[in-house]
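Each chain is listed here by its residues.
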Amino acid sequence: MVEKILFIVFAAFAVAGALGVITRSNIVHGLILLVFTFINVAGIFLLTQAHFLAVIQVLVYAGAILVLFAFVVMFLNLREFQQEEQFHRGQKWAVIVLAPIMLAEIIFVVTAVTWASVNDGFSPEAIAAQGGNVKVLGEQLFTKMLLPFEVASLILLVGMVGAILLAAKEDRESVCLREWDDDDGVTPSLVEREV
Amino acid sequence: MTPQDLIPIIPELILVLAGLLVLVVEPFLKADKTANVAIALTALLISGAAAVGLSGREQAAFTDMIVLNDYAVFFKVLFAAAGALTVLMSPRYLEASGRHMGEYYALILFAVVGMDLMAASRDLIAFYVGLELMAVSSYLLAGFLRYQVRSNEAAMKYFLTGAFASAITLYGISLVYGMAGTTNYEQVGATLLAGGDGLGVALATALVLVGMGFKVSMAPFHMWTPDVYQGAPTPVAAFFSVGPKAAGFAAMLMVFLTVFEVSRSTWSVLFIVLAVLTMFVGNAFALTQKNIKRMLAYSSIAHVGYLLAGLGALGRAGTDYFAGEAVLFYLAAYTFMNLGAFGILAYLKTQQPATFSYSLAEFAGLGRRSPWAAVLMGLFMFSLTGMPGTAGFVGKFYLFSSVVKADLAWLAVIAVLFSAVSAYYYLRVIVYMFFREPEVEYATKEPISGPLAASLALSAAAVVVIGLLPSWVLDAAQASFGNFFG
Amino acid sequence: MAIPIEWYLVLSAFLFVIGAAGVLMRRNLFIVLFSIELMMNAVNINLVGFSRLHENLIGQNFVLFTMTVAAAEAAIGLAIVTALYRNRRTLMVDMFDVMKG
Amino acid sequence: MNYVLPLIPALPLVAFVVTLFLGKWWLKDSAHWIPIVAMAASFVLSVAAFLAIRGEEHAIVVELWRWIPVGDFQVPIAFQLDQLSAVMLLVVTGVGTLIFIYSKGYMHHDPGYYRFFAYLSLFAFSMLMLVLGSNYLLLYLGWELVGLCSYYLIGFYYHKPSAASAGKKAFLTNRVGDFGFGIGVMLIFVTFGTLDYIEVFEKVEHHVASEGVLLAIGLLLFLGAMGKSAQFPLHVWLPDAMEGPTPVSALIHAATMVTAGVYMVARSSVIFASAPTAMLVVGAVGAFTAIFAASIGLAQNDIKRVMAYSTVSQLGYMFMALGIGAWVAAIFHLVTHAFFKALLFLGSGSVIHSLSGEQDMRKMGGLAKKIPFTYWTLMAGALALSGIVPFAGFWSKDEILGMNFKGGGYVIWAVGLIAAFITAFYTFRLIFMTFWGESRMDPEVEKHVHESPWSMVVPLMVLGVLSVFGGFLGFPPENGVFHKFLEPVFHQANEILHVEHHYFGMLDFVLMVVSVVVALSGVFFAYLFYVKRPDELPQKAGAVSQPLYKAILNKWYIDEFYNATIIRLTVDGSRWLWRVVDAGVIDGAVNGVGRLWDIAGRVVSPFQTGRVQNYAVVMFIGLFVIVTAVIVF
Amino acid sequence: MEFGFAEQIGFRALSLLTFLPSLGALIMVLFMRGRPSAYKAAALVASLATFALSVFMLTAFDTSTAAFQFQENFVWIENFGINYRMGVDGISMLMVLLTTFLSVIAIIGSWNYVKDRELAFFASLLVLETGMIGVFTSMDLFLFYVFWEVQLIPMYFIIGIWGGARRIYAATKFFLYTFAGSVLMLVAMLAVVWWYGKESGALTFDILTLQNAGFPSDLQFWGFLAFFVAFAIKVPMFPVHTWLPDAHVEAPTAGSVILAGVLLKMGVYGMIRFCIGFFPEATVNAVPYVMVLSVIAIVYGAAVSLVQPDMKKLVAYSSVSHMGFVTAGLFTFNLQGIEGSVLQMVNHGILTGALFQMVGFFYERTHTREIKDYGGMARPLPIAAAFFSLFVLGSLGLPGLNGFVGEFLILIGLFQYMKVFAVVASLGIILGAAYLLWMYERTMFGELTNQKWLSLKDLNAREILTLAPLAAMSVVIGVWPGPFLEMLHAPSLEIIAKVEPFMAQKQSLVQMASAFLGGF
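Residue numbers (this note's numbering), protein chains in the order written: chain A, 1 to 195; chain B, 1001 to 1486; chain C, 2001 to 2101; chain D, 3001 to 3633; chain E, 4001 to 4520.
I should point out that these hints are in silico values taken from the structure, not numbers from a laboratory. Relax, there's no trap hidden among the hints.
Which stretches of chain A does chain B cover? Using the computed rule of at least three CB atoms under 8 Å from a CB of chain B, they are:
hint, stretch
1, 117-128
2, 143-151
Simulated restraints, written as ranges between beta carbons of each label pair:
hint, chain 1, residue 1, chain 2, residue 2, range
3, B, 1447, A, 74, 48 to 54 Å
4, B, 1475, E, 4026, 27 to 33 Å
5, E, 4225, B, 1447, 52 to 58 Å
6, D, 3570, E, 4031, 53 to 59 Å
Small disclaimer: the values here were computed from a predicted structure and weren't measured. C-beta atoms are modelled at their ideal positions from N, C-alpha and C, and glycine is treated no differently.
Whenever a hint applies, use it, and build me the whole structure from the sequences.
Written out as structure tokens, the structure is:
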């Protein structure tokens, strides 16, 4: 029962935080609300006995990713954009109409389906008996999931290379190449344009 | 894991090692990147050769995460070929763009690895990481020319829509997992089949379809395609138009035939409807394009429409994999002709790096200025149109015959009519090249670079050979379904 | 099992749709990136819930990979943001429409 | 005969080929020799053929090769010599030779000298094919080829627009007739399974076809004959055909080609005899044309046009004869008409020649003294045409009228009689206006008036003799040499019609007197009008019957009527088809498909806004629709 | 009885015949660039050699049988049962002869016509010849389709590069129109092949095998429709003809000659081989409709020709009319109609080819094709006028020239089928004479409209050499068509035998249509 109440609390916070993220115009507020949401999701992971994931959720999301975001936000000094219109005018309404229907549809489906367990035997109790969530998860990761694991490392490598490629300090000789290449007469909407 | 498990991934291992080697070598190279080009090219060739060497084998590896069979081999060879041709056409182009860096080749290699995994995977997790490896590399390749607004924009658009789409797919995959309790294709398929078709399966089908449809630019999830192709460096656009697309189809065929066996009737109808939509969208948009790169992008969407018709037929055909073979063959044929067409664009860009904007008007009088380029472009255009004697025709022939075989003659009629419409914009290129005189004088041309010429020549040769003596590729395509389920 | 699987799914559906709405509505590129993270988190909730339901760890393993991917995507996304910002001095998504038609 | 018969048409053909290819550079002014010799040789061979067939019961058929062999449709190139074709051969080659000789003088100095003779030779060949062919398709072949030659020769002075357009008009009007002829031929084939004369007639006798079909065949064939023989309403081309050189008018448009229609009906006598209604139509059309054309002839001032209408009118007589089953009379009139009308044309050609090309009779007069040979020969022709005893025309024409009267065709007889009066009137109007009275010539022209060269005069004299004495071939009426000779050909037809042999009787004599009186009164009135009081009577008559006169002067407005209806309708209709239907509707639809796609492209193009979130929302909507669809279905 | 190459000539004559022109083109392109006299001579030699070979084959041709002769058969794409199989029967032999003959004419005729990219022009003509011969000699559906489409490309370039002012529009329209039709045919081909494959268990594209397959009614209907539309566009039949005038007007002379002379025939040839060969039942059902369309084409084409201001366009529309005769004759399904129809194809090839060639010669001199700019041309150009008149007369069906034989046979056939059609078609003949003579009068006769024309040179020896063979053929076929018809007897009987079984049961339908039309 406690679990259920906690779940509802975490869930409510998470949803509220998420709503905040997509409605607040201040990026920093958004960022903080996102962290808040993620922490609540981590809480739900905890409730589900996925301890390792809960920790990783906080570390990776709240820690690494969001710090990265914060860093960039500050680095680029994005205050000026907060004065501008934050929503797509027409599209906003389409989304406001469609999204709830979509949500209803998904909820309708997921509640209509009878979710049968296959009971592979890794119940929290069993896991605890085998040495805890982290150990079992780790074992599986390096045996069953070896290939994806290695590929995931490649993905991270690519991400790293990419970040350097795109965001590294500008080298002078290349800057002069910055121009409207391939200009076929299309003028871009520049910053001055009203939305 | 046993050492045995490494055999199926030999081609990928080669590529990964080469990719890492490229990254390591890069800091030691100055302006001349020949070494890295050579490494990448060699790796791709060896990888392809290795894949050929592995053909005929059947082996599951990494706890059934991936398999080695002729199906995977077919795609591995195809991806290696596409990668090699892309690498060949890149150096001069990148030099002209002022950004010739070894990382580029590493990214191509990694993308090919991702695509190989998509084709070979037998598990949704492996599929997903393969997909993401390819996607992440692709985003970077699209934005490779970071000082160019279009390249940035292309990367951003590709990234946003790609991430959005993969989130949707992922959601679908999670539902599949929820229903089956496993992620292995065959097990999932069996479980779902036992559970019967239901709302959950339908929703999951739809969600997965969207994500994969995005990768192959199926309407209405295609809209990134023209912008990304236009903004990305031309060789990259060439690569995109064949690599990720073929990988998407490779995964799609596999996933829908195994995982979603139960919802066959749903997805075959979806594919048929979306095929018509995609054909329409691709052709209608392509008609008004003045920019050849965008035109080719839309045309690639149209081709996806034809391929989807094949998938629809496959869904209708029961255990007859004729349509699947046709799709494979078509992808192979399409790879060469499209790479060739983009190769010509790359060549022209290297001729006038500062001014060439891929506009149709700049093709005027090409037949006089560089007759060989014009003749080859003509060949590729005719092939894309589906004129007999070229790979494009045999591909269409095969594909539409599979559609007809599945008693979808009406769909074949729609498809061929659309391909007649497509003839208009392909011909327009020929019209400009041969029938019109240029409005301005163009600078004298410099000789074509060796690798680029080789790439074009190989593409053209492939187009003609597949067009006239298709048995070779046909056999491969048929064999790939021969040991489909072991 | 204490918490019904539907609860996870409903929560996930909420987060997913909210994330999707964020992607579609907001002009600020950062918020769009945040929203994508929301969507992936929604998936994570699903996976974890199902992992619990089926009493296997595939789902939890899967979550690890999605997180990795999310991290890599975040890195790349930010790199793209940086490059864009340098070239265009804006982060309003709809400003980037050089290529269209 | 196996070798002689093919040679008859072959000789002119050879002459044509040689003259055409060598004429311009080599033969030049001596281009006439080969055609004349070839024609004369043909004449000699024709005489031989004539002698050979005399008294024979059966026709001689010579087959050369299969022309069109397809299944049961087997048409050979084969020649059939019987009495009818023998007569035609003689007329064609005989009159032809004379006119060839005449042309040597008449066409001298013309830049297209060799061309003229080449065409004439081709015509001779074609006409001989026409009369010699053993089946309907060969008849059709000759029929079309003579039409072609007529086209070329009418348009001989091709740089004159009127000549060129007259040629085309002739060809096209004939095509309308040939439309019927062609369908008739098809109907014959479909009905009888053959086109061979002998076989067809045999089958007709054995009642293979119903009378309705035979009627259809007859009428269709007659439509062709109407075109070629210029019967109303397809007569319009013949007067215009006078644009051609005069020898052409004589040969083609008087003596030979225009009588092909008569030949055809006579040839098909068995078919017509079996379809009485068709005969009635033939007779009626002939009679109407006879009087109709004669009436127009009254008011024409162009000397050749008078002749032309007279020809039309005389051809009408021949059809009157055919209509009553007087086959021999028709052929007889054909022969005498060939003589005197060729003579008249050549004579008027001589007049024109001596007047340096003047054709308007109002600018002539008093020529009798200046060109006496021409005058006297022409006079002989005029008397023959008017039907004055005992000139050639009298016998044939009187026989036609007599046969009609006796056959019960009183109306036709009466019409023919009135036409005979008009004929005599306008014939002598021509004579009087041209040769009698005061000279109304241009002084300039008058100075150069001269008698024509011998090459022109000799043929005139020969024809003059024939016009005077030719009629005695058919004497006594209905029982002459001519009739006996032709008897075997029309034997079948006459049997079908149950014609009994007639002998000259009282009634015939009375009719003869009547027609002579009528003819003479015509001459008298002409004398009254154009010699006695030329200054007032014609005007007065014209004034009294003002509308009628105007109608006659304008040829009853037939040309205008055709221009305003059929031609206008065709051209405007075609233009409408082209502009509206073809370019507008059909091609419009084709281009419309293209435009539709273009519009589609333009309409959808803005949807690609370049804003990535629009793309995402489209994806989302797509997802939404798909999800909704899979949930609902 | 199999007519292999060995029995008849001893070498692979058909392959040689088909690819000889392309071989010539290849040699020209590879070794003779920049040397006009050399490559022109090579082009002529290649086409002449092809023609000579085809005539030589004719001497070994057996006219007594409908079987295919000079056969060659190799496996090409085994997985689909596609073979490289070639062979000719009387009809295709005649078409091949027409092709090789007209190709020579076209090459001589355009000796000095193009100034720009001459090598490519002649090479295109030769490649085109390969495509055309291939269409007529293929005995495999796939092979046929390959040739069918491939010949579009050189023609497309010929119109597009060396054409007139609106050449791009015309070339595109030509290409797209034909392409749209033929892709439908592709689908029908596949449907047919698959049906047979499922029925017999063996996939084959062999035409003879498929001709005896006996397709079910449903498939017959749709298959016939698709094939027929593709071929009707090519012919072109009435409502789908509008690409033709545009293509003709813009095409260079050689293009028009080949287009009118051979390309249009491919449509009818296709109807004979496939529509009738594969779908006899559907064909019989379709006869009334085809007839109506054909007869409309006859009259309509002639009427529209009448008012054309442009000589070439006039001749182009006249082609619509003449091809109407051809299709009408074919679908009568009696010996006269079919043989007349095939012979008329040859005749039309010769005559219309010649007319286009003439118009080309005039155009080279005056640089105008407007009829109103001409007039009195017989004076400066008597030889040209003479040739022109011969071809005009042949075209309007003057007996003694070739046009008549075909036309009359068709009419006889048509008359046996249904009299109304023959009568209406005959009206077309009247109109035919009208537009041709009117055009001739306005261009050749009358006053000289332009004194400049007086200085024009008459045809030179080369031009006479171009026209003389055409004129000679016109006369020869006109007076002695026997040998040509003889080649057609056996194949025509075969065609009739094919449709005969269905004719009887459909008689009522014909009568119905007859009654329906009789009502007008």
